[in-house]
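Residue numbers (the working numbering), protein chains in the order written: chain A, 1 to 214; chain B, 1 to 214.
Since the hints were made in silico from the structure, they are not lab data. A few of these clues could be false.
To be verified - Derived pair list, reagent style SDA-like, types lysine to any residue, alpha-carbon separation capped at 25 angstroms: (1) Lys63/A x Gln143/A; (2) Lys154/B x Ser205/A; (3) Lys63/B x Gly50/B; (4) Lys63/A x Ser210/B; (5) Lys104/B x Arg99/A; (6) Lys63/B x Thr41/A; (7) Lys154/A x Ser210/B.
Protein chains: 2
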Amino acid sequence: MNENSDESPAVRLTARGVRTRARIVTAAAELMYVQGIGGTTLDDVIVASGASKSQFYRHFDDKHALVRAVVAQVGEDTIIRETNMLGNVSTLAGLRRWRDALVKANALRHGMYGCPLGSLANEVSDHDALARSMLEELFGTWQRLLNEALDRMKDTGVLAESADTTRLAVGFLASLQGGYLLAQTARDVEPMATAIDVALSHLESLTVQSRAAS
Amino acid sequence: MNENSDESPAVRLTARGVRTRARIVTAAAELMYVQGIGGTTLDDVIVASGASKSQFYRHFDDKHALVRAVVAQVGEDTIIRETNMLGNVSTLAGLRRWRDALVKANALRHGMYGCPLGSLANEVSDHDALARSMLEELFGTWQRLLNEALDRMKDTGVLAESADTTRLAVGFLASLQGGYLLAQTARDVEPMATAIDVALSHLESLTVQSRAAS
Chain A
1 MNENSDESPA
11 VRLTARGVRT
21 RARIVTAAAE
31 LMYVQGIGGT
41 TLDDVIVASG
51 ASKSQFYRHF
61 DDKHALVRAV
71 VAQVGEDTII
81 RETNMLGNVS
91 TLAGLRRWRD
101 ALVKANALRH
111 GMYGCPLGSL
121 ANEVSDHDAL
131 ARSMLEELFG
141 TWQRLLNEAL
151 DRMKDTGVLA
161 ESADTTRLAV
171 GFLASLQGGY
181 LLAQTARDVE
191 PMATAIDVAL
201 SHLESLTVQS
211 RAAS
Chain B
1 MNENSDESPA
11 VRLTARGVRT
21 RARIVTAAAE
31 LMYVQGIGGT
41 TLDDVIVASG
51 ASKSQFYRHF
61 DDKHALVRAV
71 VAQVGEDTII
81 RETNMLGNVS
91 TLAGLRRWRD
101 ALVKANALRH
111 GMYGCPLGSL
121 ANEVSDHDAL
131 ARSMLEELFG
141 TWQRLLNEAL
151 DRMKDTGVLA
161 ESADTTRLAV
171 GFLASLQGGY
181 LLAQTARDVE
191 PMATAIDVAL
201 SHLESLTVQS
211 RAAS
């Protein structure tokens, strides 16, 4: 993704400009996560980032441009985290550690605010075609990371040859996202943990070991 | 749910007042579904409903009150629909018909706007404690309808006695909600259909028939 695509084209950033822009995007991402995009004004962002109005408008034409920069930043953070967590997973135990890390992080907030990427997707997908296509690509990458982990589980003989890892990866990502939403609504991580656990149970039933035992 | 709890307490509605209020809530629900809550102003709602400003404020103190009335209305519509669709389900075929109806409705919109209830939950849960608790209750009712359908499948000998229908119902609702979100982001119903189908495959693996065959 070209992270400059949302900026005024003529801007050529100095090192200080890069830092100012990053500070604005970080402040905006935090505010939008907690207050929602609709509940966050540009004035909120300017105050929270410590930038001046003219500095802000040197980097962003309008709220759309800022939201796209937030999507790019939150997306990058999410994909780096998920690559670190899923990149070497090739066992059920490895997938359970991934589950534990996500559940623990969400439990700290009692489920509040949901998935950083999922919340953005819900709020912008119908209103900004460019942001939507960025989010579609990011979810695609996340799904591929899951798919590759499941494929490695097949290669190492954990998962049965017949397991459809592409469909399972969609199911996993949907369970995770739906779990985040139910946890956000319940202010309790429990439904998110349960949703992933049900998806993991399904995977367990598709292991070679479980097939042999039954 | 007491649907008057969000109104000015002193209002005693005439038949005409009831109709005006309903017209305002219907217009607001439609606008908020398509534009998001953050993207919908009270002026939008007043214009779309054909009500006057003074009529509007006779029924609603502010946007919070209106949003709660929308949550109550969308929630009631959702629960009535789900009760009709799930209330008599006691077979896998019945559950597949439920799946088909939801997928078909979402396909007509190419996944746009997501689940009416889920979208509201994402946007208000962190910002309005009363609306959040209404949504928690509504998701609880939806989950119970799924749970009861799964329990009937156990009673009729379709599902194995060992199936944990409470957890499975959470997993189903999460798959559905996450599927809605992925479909909204992809502008394509496919990931939502796949997410529910993966959940249905899991259920199939827990049928008495499948257990006997394996």
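message: Check the hint pairing Lys63/A with Ser210/B against an upper bound of 25 angstroms on the C-alpha distance.
response: violated, 54 angstroms
- prompt: Is Lys104/B close enough to Arg99/A, meaning Cα to Cα at most 25 angstroms?
  reply: Roughly 32 angstroms separates the two Cα atoms, so the pair is violated.
- prompt: Given the proposed pairing of Lys63/B with Thr41/A, does the C-alpha separation stay at or below 25 angstroms?
  reply: Holds, at roughly 17 angstroms.
Restraint status (C-alpha distance of Lys154/B to Ser205/A at most 25 angstroms): holds, 19 angstroms
- prompt: Straight-line Cα separation of Lys154/A and Ser210/B no greater than 25 angstroms?
  reply: holds, 22 angstroms
- prompt: Quick one, are Lys63/B and Gly50/B close enough, alpha carbons at most 25 angstroms?
  reply: Roughly 17 angstroms separates the two Cα atoms, so the pair holds.
message: Check whether the Cα positions of Lys63/A and Gln143/A lie no farther apart than 25 angstroms.
response: Judged against 25 angstroms, a Cα distance of about 29 angstroms means the pair is violated.
Of the numbered hints given earlier, the model fails hints 1, 4, 5; all others are met.
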